[in-house]
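Novice: Okay, here's what each chain looks like letter by letter:
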Amino acid sequence: MPICDHCQLEVSEKNAVYDDINGRKQVFCCHGCDGIYRLIRSEGLEEFYAKRREWTPGPAEDQSVDVSAFSESLRPAGDQIETDVIIDGIRCASCIWLNEKILLRTRGISYAHVNYATHRAKIRWDPAQIDIKTILARIRSIGYTPKPFLPKAWEDEQKKQSHDLLLRFGTAAFFSMQLMLFSVALYAGYFQGIDERIKLLFHTISFALTTPVLFYSGWPIIRGALRGLINLTFNMDVLIAAGALSAYGYSIQQMIVNGEVYFDTAAMIITLILLGRYIEAGAKGRASETIGRLMQLSPKEARKLAVTADQTGMDNRLYVALRQMVPVSSLRAGDLVEVVPGEKIPVDGLVVSGTTETDESMLTGESKPASKTEGAEVFGGTHNLYGSIVFRVTKTGKGTVLAQIIQAVEDAQARRAPIQSVADRVVGFFVPAVLIIALLTFLGWLYQGAPMARSMMNAVSVMVIACPCALGLATPLAILIGTSNAAARGILIKGGDVIEKAASVDFVVLDKTGTITEGKPVLSEAHGIGISDEQALRLALSLEQRSEHSLAKAIVEASQGLEPFEVTNFSAVPGRGIRGMIAGKEVLIGSREFIQSENIAVNLDAAIAADQRWKIIESEKAGATVTFLYHDGDLRGVFTISDRMRQEAAEAVTLLRKGGLSVAMVTGDNLNTAEAVAKKIGIEMVKAQFSPVEKAAEIQRLEHEGRHVLMAGDGINDAPALVAATIGVAMGRATDIALECADIVIMRSDLRLVPDAVTLTKKTFSIIRQNIFWAFFYNLVVIPLAIFGILHPIVAAGAMAFSSLSVVGNSLRARLR
Amino acid sequence: MWSMFLLIILTLGAGFVGWLFFLWAVKSGQYDDIEGPKYRMLDDEEDAKEDDHEPKKDSKA
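Chains W and B are the protein sequences, given in the same order. Following our numbering, the numbering of the first sequence begins with 1 at its first residue and continues without gaps. Following our numbering, the numbering of the second sequence begins with 1 at its first residue and continues without gaps.
Just so you know, the hints here were simulated from the structure itself, not pulled from any lab data. Bear in mind the structure is a predicted one, so any value in this text is a computation, not a measurement. Glycine residues also receive a C-beta, built at the ideal position from the N, C-alpha and C atoms. Mixed in with the good hints, there may be bad ones.
In silico lysine-lysine, DSS-like type, Cα no more than 25 Å apart, as pairs [as the list claims (entries may be wrong)]: (1) W:Lys25 / B:Lys27; (2) B:Lys27 / W:Lys615; (3) B:Lys38 / W:Lys122; (4) W:Lys501 / W:Lys762; (5) W:Lys687 / B:Lys38.
If we take Cβ atoms under 7 Å as the criterion, some of the chain B residues that face chain W in the derived model are [as the list claims (entries may be wrong)]: (6) Trp2; (7) Phe21; (8) Gly29; (9) Asp33; (10) Glu35.
Simulated restraints, written as ranges between beta carbons of each label pair [what the hints assert, rightly or not]: (11) W:Phe207 / B:Lys27: 25 to 31 Å; (12) W:Asn258 / B:Leu42: 34 to 40 Å; (13) W:Glu557 / B:Leu42: 35 to 41 Å; (14) B:Ile34 / W:Leu812: 29 to 35 Å; (15) W:Gly561 / B:Ile34: 40 to 46 Å; (16) W:Leu229 / B:Gly18: 48 to 54 Å; (17) B:Gly18 / W:Ser662: 38 to 44 Å; (18) W:Thr211 / B:Gly18: 41 to 47 Å; (19) B:Ile34 / W:Ala208: 50 to 56 Å; (20) W:Asp424 / B:Lys27: 46 to 52 Å; (21) B:Leu42 / W:Arg546: 58 to 64 Å; (22) B:Ser28 / W:Ala208: 34 to 40 Å.
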């Protein structure tokens, strides 16, 4: 079979598009790919085909670009216009190269730059020469999808914060590096002797270098500590600020009396804390950026029709007077809206004309596409699969089913309590303990008859050494390594707090449709009667490839590689079946009723062997659709089409059980289907026909019983449950709402990643705890030295170095296998 | 003794210049895309001027 030269899909000889390009005969699967190939060549960019590595572009879709969604993001830049656009479909470096080159070679575009990390393109152009529509069409024409980038206020804020953090950390790092040079000289001076004046000079330089670290870089920490003290809580900031400031004050006093200084300790504590925060912010930012890219950002627009109905004629067809794109928010009940295949239905309504199937699984959990004809109800947020329909709006805005679910999500989010990190909990005990030890040291020295000043200094030195500077790294490092290891496997973890929460999970609830199953109809069984299975499939393929029906697509997909027969006299009976002639013999494919209603004297039950008959009854009970093939005067085949289980589902459940977790299934689908699936993969607890709100309530009930629930799902209908659970996991192809609600997003469609995610988070969490132990350990061991007044800067520096190394080394273990 | 003072001034000076360079780098957006450059350097730019905000030719409107 030939392979398309652009998208590298296999093309059947019959459908292939051949084209002579520069004397070479090229093969394409469609005219779209041919066009793109010519475009890329005409721009002199055919290097692209050599450069691309891991990605093959998909076949070109012929979709117009909806410009209005981009209008908000346009802004003037001098006499030119500038915008940010997310380019979807970018997989590797050569995609970026291609997009930039194509854009830059377009007349009127003066600047085009794509950010590798965010896939965001900044484009600037001259409005006199080109408009946004042409630019977007240009991106589209090479197979990528431009999406509007609407900066959210919090994103801007986040960017400003990370900028600020980088500046503060970088400054701290530069000054600390300088400081270290003089500290090492001072340590050497301690052992080998040092000129008094040089020592004073070095102390003064150290003081000058430490001051900006503490009061510029460390300002957010000091401010946080003040806030903590006002609220009478001992958070991490209080501990760090107390340690750094006491080291700083102690050192200034020592500088005057020509003692030993701890400026390096003060500066390093701040630097390492900031490093930890920078790492943590980065790990979090990367995950949310990737998830942001997964979201569809569907245009919030609808195609509204102004119509005149022909009431005088025999038919009640609608005559379209005007088609107009309007914002969804402007739709009112009674408006007529047209939806073409592949589009989302914007609001709830009743079908006025047209026949189609819609995928409502995201809303209801029902895996079978729902067939819609005149008078049927359609719901906002569901997908129109194969026919154009016009429907009359019944509910808009807050009244739609979708809006009610979003409301439930928001309610659940508002109830969510913030969690306190382990580090903060430990610090909460540690700070008072240190203060008491310092106080006892002070009183002890006074009691022994030491002067006031000396007792005071010893007490402060306890505070200095007690502050564990590796504490700032303990959590972020483990999280960084844990999350990047997870990301490499296709598990996106939204932040450090997720890891800490996930460690407590002891109960797993899985959604059925799209999580345990594939979420779309696939051919699960093909059985030939009197002919081979393959022959039966080939006959079916010949007819079904002409049909757009979702069940037909399942058969076509399953019979790739088979050569179809020539079909004549093809016709389809919507919702029932199709017929045609192959080599002069009639072929029918369809439901039991369809075959029998065609006046064909076939006794279906007699034609099927007893064991097969059982199977059919079983699979129909389990929610599968059974299709029959009639050919040459007899029943020739039976096809079972169902929402197939993911192959690895049973293994994933076993893995979860092995990890000591209970597993349950909850679904909006009916009980028969649910139980059949659950039985196959070994789940005993099944909750079927649950509405989105009931799902969330069920999770809440479990949480109230003291369980910590992990909920995995992908639909709009799972969103409230995802928020209600301790940890919500969204599967890769999930809806925007589910992605937004989830704590963990699984990028590959592999259910085994759920147990992987649990194992990894649990492991990372235990490493965080070990890290916190090691961060405190060395400092605690040397506290007695401070109590007895024999602490030296070298001991402090040693404790710092050892605890940091232990933490870094231990963090490296935060990966799977 | 003077050589030591000189060295101290040199180190502090070098560190300070490094810090200013860092400030400039952050301010001018060098850290905004830390993934890209490693790929961009692999592109053979036969027409490097293109990135200078100047479209050169247009073979197809």
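Novice: For every hint, state whether the structure bears it out.
Specialist: These are the hints, each one checked on the structure:
1. W:Lys25 / B:Lys27: This hinted pair is violated, its Cα atoms lying about 52 Å apart.
2. B:Lys27 / W:Lys615: Roughly 69 Å separates the two Cα atoms, so the pair is violated.
3. B:Lys38 / W:Lys122: Given that 25 Å is the threshold and the Cα spacing comes to 20 Å, the pair holds.
4. W:Lys501 / W:Lys762: holds (9 Å)
5. W:Lys687 / B:Lys38: Given that 25 Å is the threshold and the Cα spacing comes to 51 Å, the pair is violated.
6. Trp2: Since the shortest Cβ distance to chain W is 13 Å, the answer is violated.
7. Phe21: violated (10 Å)
8. Gly29: At about 10 Å, which exceeds the 7 Å cut-off, the nearest Cβ of chain W leaves the hint on Gly29 (chain B) violated.
9. Asp33: holds (5 Å)
10. Glu35: At about 4 Å, which falls below the 7 Å cut-off, the nearest Cβ of chain W leaves the hint on Glu35 (chain B) intact, so it holds.
11. W:Phe207 / B:Lys27: 25 to 31 Å: For Phe207 (chain W) and Lys27 (chain B) the Cβ distance comes to about 28 Å; the hint holds.
12. W:Asn258 / B:Leu42: 34 to 40 Å: Given about 58 Å between the Cβ atoms, the range is violated.
13. W:Glu557 / B:Leu42: 35 to 41 Å: Holds - the Cβ-Cβ distance for Glu557 (chain W) and Leu42 (chain B), about 38 Å, lies within 35 to 41 Å.
14. B:Ile34 / W:Leu812: 29 to 35 Å: Violated, since Ile34 (chain B) and Leu812 (chain W) (Cβ atoms, about 22 Å apart) do not stay within the stated range.
15. W:Gly561 / B:Ile34: 40 to 46 Å: holds (45 Å)
16. W:Leu229 / B:Gly18: 48 to 54 Å: Violated: the Cβ-Cβ distance is about 36 Å, outside 48 to 54 Å.
17. B:Gly18 / W:Ser662: 38 to 44 Å: Given about 56 Å between the Cβ atoms, the range is violated.
18. W:Thr211 / B:Gly18: 41 to 47 Å: Taking Cβ atoms as reference, Thr211 (chain W) and Gly18 (chain B) lie about 19 Å apart, which means the hint is violated.
19. B:Ile34 / W:Ala208: 50 to 56 Å: violated (32 Å)
20. W:Asp424 / B:Lys27: 46 to 52 Å: violated (33 Å)
21. B:Leu42 / W:Arg546: 58 to 64 Å: Roughly 47 Å apart at Cβ, these two residues miss the hinted range, so it is violated.
22. B:Ser28 / W:Ala208: 34 to 40 Å: violated (28 Å)
Hints 1, 2, 5, 6, 7, 8, 12, 14, 16, 17, 18, 19, 20, 21, 22, counting from the list given before, are not met by this structure.
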